[in-house]
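**Q** So the sequences go chain by chain: V and W.
For reference, each letter of the first sequence is one residue, going 1 to 116 in my numbering.
For reference, each letter of the second sequence is one residue, going 117 to 229 in my numbering.
Simulated from the structure, these hints should not be mistaken for laboratory data.
Quantities reported herein were computed from a predicted structural model and do not represent experimental measurements.
Check before you lean on any hint, since a few could be wrong.
[Unchecked claim] A partial selection of chain V residues facing chain W, derived with a Cβ cut-off under 8 Å: (1) Gly16; (2) Ile20; (3) Asn22; (4) Tyr39; (5) Pro44; (6) Tyr102; (7) Lys103; (8) Gly107; (9) Lys108; (10) Gly109.
[Claimed, not checked] The list that follows gives simulated cross-link-like pairs (lysine-lysine, DSBU-like), each with its CA atoms no further than 30 Å apart: (11) V/Lys108 to V/Lys5; (12) V/Lys71 to V/Lys108; (13) V/Lys56 to V/Lys71; (14) W/Lys196 to V/Lys54; (15) W/Lys195 to V/Lys108; (16) V/Lys68 to V/Lys108.
C-beta atoms are modelled at their ideal positions from N, C-alpha and C, and glycine is treated no differently.
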Amino acid sequence: DQQVKQNSPSLSVQEGRISILNCDYTNSMFDYFLWYKKYPAEGPTFLISISSIKDKNEDGRFTVFLNKSAKHLSLHIVPSQPGDSAVYFCAARGGNSGGSNYKLTFGKGTLLTVNP
Amino acid sequence: SQTIHQWPATLVQPVGSPLSLECTVEGTSNPNLYWYRQAAGRGLQLLFYSVGIGQISSEVPQNLSASRPQDRQFILSSKKLLLSDSGFYLCAWSVTGDSYEQYFGPGTRLTVT
Chain V
1 DQQVKQNSPS LSVQEGRISI LNCDYTNSMF DYFLWYKKYP AEGPTFLISI SSIKDKNEDG
61 RFTVFLNKSA KHLSLHIVPS QPGDSAVYFC AARGGNSGGS NYKLTFGKGT LLTVNP
Chain W
117 SQTIHQWPAT LVQPVGSPLS LECTVEGTSN PNLYWYRQAA GRGLQLLFYS VGIGQISSEV
177 PQNLSASRPQ DRQFILSSKK LLLSDSGFYL CAWSVTGDSY EQYFGPGTRL TVT
């Protein structure tokens, strides 16, 4: 049962344009959502998060939007840069299971390629 | 500042051999600690988490075990490796209590042959 889904395994964007990475979830008990960026052979690095009580959070070039009714969130990167090329993971906390405050559920990731 | 270390960076082990991966965190006390695995083409799967010394919660039945002998040390072990244990193993930490941000180590690439 995949509770966090990233349906696009890859995305290719031109430098300077907007990158939009999407994520869907099924568990309405999730209370925080996070985006991580991962380069090959490295651990993921935290990018940005959003609480379930908000619909937008912005940090520099990165903005995360949350649509609770649709159980959908997206990460916008504007403008995209070649150094943004990496795998992006969506993650969610909670879910009303035992110890849920400690656990993050991850999607399978989307490979973003930003072309110069 | 906080730092998380994992070693080794890469490991090639034959089927049936034992495994020990170590993770240590610096610059924080009583962190929550996690072991994840990323198999080829898959997302990050939580294997174990720990909220304190000697306290281990297992997320999925498997061939692996975890231990936390010290506050900032987390060890992933196996007595006999299987081919399916191959993957990229990541240790992570978060501040104690009601936290949600987790910070990951550099990972260990394990290949079981």
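**Q** Work down the list of hints and note, for each, if the structure agrees.
**A** Right, here's what the structure says about each hint:
| no. | hint | result |
| --- | --- | --- |
| 1 | Gly16 | 29 Å, violated |
| 2 | Ile20 | 20 Å, violated |
| 3 | Asn22 | 15 Å, violated |
| 4 | Tyr39 | 10 Å, violated |
| 5 | Pro44 | 5 Å, holds |
| 6 | Tyr102 | 5 Å, holds |
| 7 | Lys103 | 6 Å, holds |
| 8 | Gly107 | 6 Å, holds |
| 9 | Lys108 | 4 Å, holds |
| 10 | Gly109 | 6 Å, holds |
| 11 | V/Lys108 to V/Lys5 | 7 Å, holds |
| 12 | V/Lys71 to V/Lys108 | 17 Å, holds |
| 13 | V/Lys56 to V/Lys71 | 14 Å, holds |
| 14 | W/Lys196 to V/Lys54 | 47 Å, violated |
| 15 | W/Lys195 to V/Lys108 | 29 Å, holds |
| 16 | V/Lys68 to V/Lys108 | 21 Å, holds |
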